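Sequence lines, in order, name chains A and B. With the first sequence counted from 1, adding 233 to any position gets you the numbering used here. With the second sequence counted from 1, adding 706 to any position gets you the numbering used here.
In short, the hints are calculated from the structure, not lab data. Note that the structure is predicted; figures quoted are calculated from it, not measured. Take every hint as true, because none was put in to throw you off.
Listed next, the in silico EDC-like pairs over lysine to aspartate or glutamate satisfying Cα-Cα at most 16 Å (straight line):
| hint | chain 1 | residue 1 | chain 2 | residue 2 |
| --- | --- | --- | --- | --- |
| 1 | B | K754 | B | D890 |
| 2 | A | K304 | B | E908 |
| 3 | A | K339 | B | E908 |
| 4 | A | K253 | B | D772 |
| 5 | A | K267 | B | D789 |
| 6 | A | K238 | B | D939 |
| 7 | A | K339 | A | D325 |
| 8 | B | K754 | B | E842 |
| 9 | A | K341 | B | E908 |
| 10 | A | K283 | A | D271 |
| 11 | B | K748 | B | E967 |
| 12 | A | K297 | A | E278 |
| 13 | B | K773 | B | D820 |
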Amino acid sequence: MAEQKQIFGTYLFGAEAAQKGYALNNMCFTFNDKANRDAFLADPEGYCRKYGLNEEQIKAVLAKDVIGLLKAGGNIYYLAKLTGIYGLNMQDIGAIQTGMTVDQFKAKLVAAGK
Amino acid sequence: MARIIGSMSASHVPAVGNAIARGLQEDPYWKPFFDGFTPAQKWLAEVKPDVAVVFSNDHGLNFFLDKMPIFAIGAAPSYPSADEGWGIPVNDPWPGIPPLSWHIANHVVEEEFDPVICQQMLIDHAVCLPMACFFEDCGRNKGYRPVKIVPVGINTVQFPMPSLKRCFEFGRAIGRAIESYPEDLKVVLIGTGGLSHQLEGERAGHLNKKFDTYCMDCIAGDPSPLLGLSNVDLVEQAGTAGLEFMNWMTMRGALLGEVREVTRTYHIPISNTAAAVQVLEQLPRLAAAAE
Ligand SMILES: [Fe+2]
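The shape of chain B in the complex, shown without the other chains (with noise of 0.2 Å):
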């Protein structure tokens, strides 16, 4: 069966491309963030994943206001990327798992959640970027694709959003559903986004290092305290970006056992983000205790 080894969560930031491609991660601005992901190296180095089911949200380049999916799964054999727009190298392709997909597609719908199904997907820098500084070698060697992915969209760009709690939810369905794939694979988790930053308004430059460090202390432990949050009060501590918390949220509820966590860095500013990163390492649990 296939099993959840852990999840690792991660800011996302354009300005991060440039910076791998220029070779920037030993620079005083970048190295606090890019150091942050070392201990998360050696964490993938001992671990293996076969998998990643990476949860972000798109930026105006798979999906538009014309059709925008409240949740959607990537059910494709490959996920090009492409130019954004705001001059970041593009990265290559990464393989998908169209079997794991399907599975995860079917779980979840007979769940009740409706998610969209894209058999063609762009990833972009909320997906590329994590992936390049967890596995390192992608930002230097772009062939290397050392593992396959599910990507998860979720809408954190118009009103109306899912709530957290359905967010998490939607994560639990979505970790019952890869626990009940009968191949033996390994299956890590990463969610993409956050933590406060606000790029747009008066208020732009806004950031909340307290708030952060409360929900990184929930996602390592109880994450229930923020299951009661609205969307609005979520904007009023952490942004409007800030939103992308909801990635890190479905990600969490994905994790169905115990977990420990392995390491976290958070740095502001990166750009006007508050940049973290975070691994947690799912604990092995009983078949009997499984839900």
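Looking at chain A on its own, in the form it has when it is part of the complex (with noise of 0.2 Å):
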């Protein structure tokens, strides 16, 4: 994976991330069950250090950013279990790691199907 092409803004899940991020997205696989995201809500902080998430990680779980828990090793399709406990949907998402409003994000989108 190491001299492979650089894609602005993308972050293959490999050797690397799959390691480091191994509690965080641990984590989020507990999600599954409605009682683990009853008790995360309720106390995010010592919920993400009963399984062990280091200091970055437990930063960027508090303050929802998505590029900081990509950069600590989260895969999307485990972090979207995190995200929709927040109540956000992919566009949400979109526009956060963007910078764009959530209505921009819409319209690059539908831009793209012309």
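Hey, can you piece these two chains together into the complex? The hints should help.
Pasting the structure below:
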């Protein structure tokens, strides 16, 4: 993976992120159960610590910092379960990551279909 | 002998589950997507398959990073779904057909592929939603299960991933396995996911209509130009979640004969996704011409 081409704004999830992000992704995997989602909402930081997240990961979780979560090894297939708890849909997190408003982000999607 | 009658491919987007649950098929946002399934449903009513072999990727319901198979074949009597964490309704189970699953597993391993064989497997929206869209009544009538399924899982989540060429070759082995199954069954192949989309990173919202059209042309005609494409090339063109096109390529590999395109729909956007529906009919082959 080391020598492959770089693609702007794109995080390929492989050996490095898979190890670095294991605890974070493992926590997100628990959010398939409603009881765990409720427990997270009751005490987000405590829940993160219970699953062994590091400080970088905890900070990104609490700040809803999606780019920070990716840099901390998060995988979008699992992170989406976390952003769902926060009530954010894919256009909301698209806007957060691209620095657009949600309406601007939606307009960008529609424009791609023209 | 079992016969592959064709393939149906479609994007899978969790939001579709909510749209079905809320009956939004005629809503202006959703109509262009759901209308794409109407010709497919008409074709299904004519061909009446007994079994669907469904090629998809898990989204953190059945598999996690603790054990992530490159290829997995379901061999369960029944495939339940479960809460995926993002609030879409849980679907009723789909019945399996273990003798066919084991036949496929035996055959592909003989051909030197090494899938994980799963006697228990949860299916997520990547299986359930395309099934509910193609077999329309499944969305409205929870108990309606017109086919048995064999789910085939492909890792599109974590590098290293199999190449498009490898997926295609694995599909070919599955096609030969199905066509050597002694029971008279009509089998339809279903490939789900894609087309272009990227949910994460500063490039979130990336879509590529031109590339997707090219991919659908290759699926309908000659898929060989896609075989040289690396997974990173695929990400560059179609976005990170565009890797799910691997599911389509595996499906396409299992079509061993000549095909005719029955229908194609392409619509941007459904959620952040370029949503596509494509149906191919496999033309009947003379026994002597079979591989
Ligand atoms: Fe997906």
